[in-house]
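2 protein chains.
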Amino acid sequence: MHVKRVKVVQGVLDANNTIAAANRADFNRTGVRVVNFMSAPGAGKTTLLERALERLEALESDLRVAVLQGDVQGSLDADRLARFHDVPVAQINTDSGFGGECHLDANMVRTALPSLPLGEIDLLVIENVGNLVCPAEFRVGEDARVMVCSVTEGEDKPLKYPLMFRACDLVLINKIDLLPYLEFDLSRLLANIRAVHPGVAVAQVSARTGEGLDAWLDWLLGVAGRAPRAATVDASATPAS
Amino acid sequence: MHVKRVKVVQGVLDANNTIAAANRADFNRTGVRVVNFMSAPGAGKTTLLERALERLEALESDLRVAVLQGDVQGSLDADRLARFHDVPVAQINTDSGFGGECHLDANMVRTALPSLPLGEIDLLVIENVGNLVCPAEFRVGEDARVMVCSVTEGEDKPLKYPLMFRACDLVLINKIDLLPYLEFDLSRLLANIRAVHPGVAVAQVSARTGEGLDAWLDWLLGVAGRAPRAATVDASATPAS
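So the protein lines, in turn, are chains V and G. Be aware that the first sequence starts at 0, since it is given in numbering that gives the first Met the number 0, and climbs by one per residue. Be aware that the second sequence starts at 0, since it is given in numbering that gives the first Met the number 0, and climbs by one per residue.
No lab work stands behind these hints, which were simulated from the structure alone. Since we're looking at a predicted model, the values are computed, not measured. Even for Gly, the Cβ is constructed at its ideal location relative to N, Cα and C. Hints may be right or wrong, so weigh each one.
As the list claims (entries may be wrong) - To be clear about the criterion: a stretch of chain V counts as covered by chain G if any three or more of its residues have a C-beta under 8 Å from a C-beta of chain G, and this derived list gives those stretches:
| hint | segment |
| --- | --- |
| 1 | 23-34 |
| 2 | 142-153 |
| 3 | 160-167 |
| 4 | 196-205 |
Stated by the list, open to error - FRET-style restraints, in silico, Cβ to Cβ:
| hint | chain 1 | residue 1 | chain 2 | residue 2 | range |
| --- | --- | --- | --- | --- | --- |
| 5 | G | Ala194 | V | Gly198 | 28 to 36 Å |
| 6 | V | Asn27 | G | Ala20 | 35 to 43 Å |
| 7 | V | Asn27 | G | Arg193 | 41 to 49 Å |
| 8 | G | Ala194 | V | Leu178 | 16 to 24 Å |
| 9 | V | Ala21 | G | Glu119 | 50 to 58 Å |
| 10 | G | Leu58 | V | Ser186 | 45 to 53 Å |
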């Protein structure tokens, strides 16, 4: 049975790649750059997105951003973004099939595209379902992938979920304001990230205190073609001293 | 395509339930009680398990426990448990199929059973892959299910991952030692848990300070038939004042 199942899954992944290419073609045609934003549940994706949108507002940036929210159920995160009046937000709920899909796939994203004004935006941020496994396996037509890893999750996560860390162009290490209260070895996390994805860009951030958020916004601007992508992100991942 | 896929998945779930029943029969025949232990990545499952095993050692309990560790890759958690010399530990890695299965299923557990001395243990704790979606969908033949929800993950998780919270007999709210450093409303989390699973047993714990761990151990002893299961677990989920 196990072999059969793998075949079914491979078929699903092939179909996914075909649809991801169709999404990609639509994004290219309309000039939209796309970020696939991933993490474990509660690592801080939505809050980091709010901080970036606030900064773009404060800078009076002309970058036009839209967000596609993926959740098993509900629209809590989309609701949080409603205050950004210039940011179109679409919601995908994955609970219609199965007991709830644990990831977005290219077809789900494709289904949502008609509800987004692709011709009027520059950057689409796709906030994936909180999960460190399957979201890394399904391309959705994105230009770049970023994941958030919170320091409260422990140093071992890159070794336990290597595909997610390998699939990413940027790792945001979030909640660094909590470091004084944790038994957490940041240099060990950084070494583990390097072990599974040598040279990946890493930024240490705190959505709460604002530390490191310039690097996060610069990276987003870079994906959108507005600035050198890795300008202020430390690809050598040296621990803050 | 989406409808077809749901049918495939339903077939997988039916096959899973058949194998889960076979596991159940083996557990019943050998007198083993089984706990399925679930959470998001980094919520603290392994540490809470270590604390429970330490307490059983300190109590010189005659309860014989074994652990089945589920991870996408590696044996980091199993290695952490190696110091408990009387606790047999078996490891399942889910990375053989797919890019890595995001959950344990009944067949994976069944494959691992020959490596565990079922006739010589009373309680088997199955530590699932860190994920709040799919592990809740696959029964593995367990008697009871417990999940860990860390306060660093935010108050909204029961609303975003309702199946996981509904599928559980006990919710452990972990890392309560961090509450003073978080913008976190514990009563909102408790209300959200109640909204999706009225009456579920809830215990507030800190694996670090030891707070609440008696309730966790009592619950495990209860599953193993050694004590009233809900003796010290607060099923009304009143916030600690």
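Violated constraints from the hint list, given by number and in increasing order: 1, 4, 5, 6, 8, 10
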